[in-house]
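Engineer: The lines below spell out each chain.
Protein chains: 2
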Amino acid sequence: MRIGVDIGGTKVSCALVGENKTILSKVSFDTGGGRPYTDVLHDVANSVYSVLDQTGYRLDDVEAIGLGCPGILDQQKGEVIYSNNIAWENVPLVKTLQKYVPKEIYVDNDANCAALGEYLCGASQGTSSSITVTLGTGVGGGIILGGSIHSGFNSAANAIGHMVIVSGGMPCTCGRKGCWESYASITALVRMAEEMAEQFPDSLLAEVKKRSGPFNGKNIFNAARQNDPAALKLLDKYYYFVSEGIIDLINVFQPQMIVIGGGISSEGDYLLLPIIANVKKGVYCKQVPLPQITIAKLNNDAGIIGAAYLKGYQATAVNPGI
Amino acid sequence: MRIGVDIGGTKVSCALVGENKTILSKVSFDTGGGRPYTDVLHDVANSVYSVLDQTGYRLDDVEAIGLGCPGILDQQKGEVIYSNNIAWENVPLVKTLQKYVPKEIYVDNDANCAALGEYLCGASQGTSSSITVTLGTGVGGGIILGGSIHSGFNSAANAIGHMVIVSGGMPCTCGRKGCWESYASITALVRMAEEMAEQFPDSLLAEVKKRSGPFNGKNIFNAARQNDPAALKLLDKYYYFVSEGIIDLINVFQPQMIVIGGGISSEGDYLLLPIIANVKKGVYCKQVPLPQITIAKLNNDAGIIGAAYLKGYQATAVNPGI
Numbered sequence: 001m002r003i004g005v006d007i008g009g010t011k012v013s014c015a016l017v018g019e020n021k022t023i024l025s026k027v028s029f030d031t032g033g034g035r036p037y038t039d040v041l042h043d044v045a046n047s048v049y050s051v052l053d054q055t056g057y058r059l060d061d062v063e064a065i066g067l068g069c070p071g072i073l074d075q076q077k078g079e080v081i082y083s084n085n086i087a088w089e090n091v092p093l094v095k096t097l098q099k100y101v102p103k104e105i106y107v108d109n110d111a112n113c114a115a116l117g118e119y120l121c122g123a124s125q126g127t128s129s130s131i132t133v134t135l136g137t138g139v140g141g142g143i144i145l146g147g148s149i150h151s152g153f154n155s156a157a158n159a160i161g162h163m164v165i166v167s168g169g170m171p172c173t174c175g176r177k178g179c180w181e182s183y184a185s186i187t188a189l190v191r192m193a194e195e196m197a198e199q200f201p202d203s204l205l206a207e208v209k210k211r212s213g214p215f216n217g218k219n220i221f222n223a224a225r226q227n228d229p230a231a232l233k234l235l236d237k238y239y240y241f242v243s244e245g246i247i248d249l250i251n252v253f254q255p256q257m258i259v260i261g262g263g264i265s266s267e268g269d270y271l272l273l274p275i276i277a278n279v280k281k282g283v284y285c286k287q288v289p290l291p292q293i294t295i296a297k298l299n300n301d302a303g304i305i306g307a308a309y310l311k312g313y314q315a316t317a318v319n320p321g322i
Numbered sequence: 001m002r003i004g005v006d007i008g009g010t011k012v013s014c015a016l017v018g019e020n021k022t023i024l025s026k027v028s029f030d031t032g033g034g035r036p037y038t039d040v041l042h043d044v045a046n047s048v049y050s051v052l053d054q055t056g057y058r059l060d061d062v063e064a065i066g067l068g069c070p071g072i073l074d075q076q077k078g079e080v081i082y083s084n085n086i087a088w089e090n091v092p093l094v095k096t097l098q099k100y101v102p103k104e105i106y107v108d109n110d111a112n113c114a115a116l117g118e119y120l121c122g123a124s125q126g127t128s129s130s131i132t133v134t135l136g137t138g139v140g141g142g143i144i145l146g147g148s149i150h151s152g153f154n155s156a157a158n159a160i161g162h163m164v165i166v167s168g169g170m171p172c173t174c175g176r177k178g179c180w181e182s183y184a185s186i187t188a189l190v191r192m193a194e195e196m197a198e199q200f201p202d203s204l205l206a207e208v209k210k211r212s213g214p215f216n217g218k219n220i221f222n223a224a225r226q227n228d229p230a231a232l233k234l235l236d237k238y239y240y241f242v243s244e245g246i247i248d249l250i251n252v253f254q255p256q257m258i259v260i261g262g263g264i265s266s267e268g269d270y271l272l273l274p275i276i277a278n279v280k281k282g283v284y285c286k287q288v289p290l291p292q293i294t295i296a297k298l299n300n301d302a303g304i305i306g307a308a309y310l311k312g313y314q315a316t317a318v319n320p321g322i
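Chains as they are written, first to last, in our numbering: chain D, 1 to 322; chain S, 1 to 322.
Hints may be right or wrong, so weigh each one.
[Claimed, not checked] Calculated lysine to any residue pairs in the SDA-like style (CA-CA distance at most 25 Å, straight line): (1) K177/S - I276/D; (2) K77/S - Q256/D; (3) K311/S - S25/S; (4) K177/S - N85/S; (5) K237/D - S25/S.
Bear in mind the hints are in silico, worked out from the structure with no lab data behind them.
So that you can see chain D by itself, here it is in the shape it has in the complex (with noise of 0.2 Å):
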């Protein structure tokens, strides 16, 4: 067996994995924003004992342990070299953990894990090459090719948010105008709602804004499911521009398959099967059959179950050792 955390901006996981990849035991702290990493580290080994400590098992029975880390981490050193979210910068997350937690530690990105998850016991299981996006907060996304994650040269690939759709369009975080991540994230459906509601005051659209509070994907898909012709016209625009990246992803890459995750790929059909017709439409090669475009199957268990799998799924990983 094997153990998955997963780090986030806000909360940490930590689970017991079995053979059969199924979670056994599941632990979760709040990061704390701003505390020193060496506080994270220490509390991410005590979750590391007490998911043992739930089921009766011990570190021999462990496997390995990997770590799923928003931004860019260096696999091969373990490292976290810069990671917005939390604020980190060069943290050396598996030297800091091993004083605790003396075993195999992987480390990646945690969209990568995420991906990695979906393909070994998710959606894009069994593919020969898959790409899983995430719409959330931002564009995230983590790339499989040949059954491992492409990390690329520098570890530093999977930036998938940040190809350009619209040169000299909407700033993005990362300093460049009009990355995917600034049309296709939640953040930008939300801004996008806004403004829709301004233009139509009597819609059903800018009611919900009224009445529930700020939007969010859920409040912004239950108006156009009740056929409000201005979050109708919303989601048009929203789903033309997640197609636009799905697009550009499938012409350069050519995967098998394209899993769409985040928390609102919980739309299913309903936000699947425009982005499939507007891909159909707009890619490159139409004379071989289109990659298979699905929703993600594991949720927030993914980044979980792929960080325990990292030992052996990282195509540039050096084991670190102990």
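Place chain S on chain D using the hints.
Structural biologist: Only chain S this time, still in chain D's reference frame:
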């Protein structure tokens, strides 16, 4: 030794390539637009025997033959699925050529072959991953990952010119609007030069157009090298668009190297250095070293040498036998 064939829209070149990847003999003929594919392949067969005759070798001395061809190819079936340039659809390349040349024959997209050539004995030799970007009539690309051509599922990867960078922008031949190709190809540079010459009728750029006929890469660059403000402004704009796509490729793939090929790559550092400066400012992850960006080394021979070495360098290749 091996034989490489580069089938282009206007010309077909065939060469015998020695063990040290040098060209021992070479012949070319006009493709002859609109001819039946069987005629073209019959001429390819004659070329194969010509390059052997010229050097005194026999077909038995040849390990494998490779064909590079524009368009989408099915490497496993040895077929052209669709090639816009030569107006071929579902052409059984391998099966047809093997009637005349009973040998192992491999096929791939011409830009993939060029990328492989640069990897084997040109600019990207020894890299773990590289993308060769060809700035020509269109924008082509070949992706080498872990020493093999990345063809993607369905063999349709590497349409890197068809990433949208200006959503809703200039119409592209592929049907989308705003593809990178519509801003970064020589065709796009010439289009922008026409506009710039009209806007600045007293510029050297406008004079060049009057004096030396239609624009091409060379006369535009010459005007800029003479510090014509209009030409310099034009190239600034062109470099910006070229850089936008290169940044996208780096953010998504993070290859060890980006190789810039195509006619204007002969401009060398004059072209390269401003692009590198733009890319440096634009990439998502500034905490890791920038992938190397360099100029292609082999020019037109890259495609032939790459084609000759397809055997063993296609990730999904199946030996079609004879």
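Engineer: State for each hint whether it applies.
Structural biologist: Do the hints match the structure? See the list:
Note on K177/S and I276/D: the hinted pairing holds, with a Cα-Cα distance of about 18 Å set against a maximum of 25 Å. A hinted pair counts as satisfied when its Cα atoms are at most 25 Å apart, and K77/S with Q256/D qualifies at roughly 18 Å. Taking the CA atoms of K311/S and S25/S, the gap is near 20 Å; set against the 25 Å cutoff, the hint holds. Taking the CA atoms of K177/S and N85/S, the gap is about 20 Å. The hint holds against a cut of 25 Å.
With a C-alpha separation of about 56 Å, the suggested pairing of K237/D with S25/S is violated against the 25 Å cut-off.
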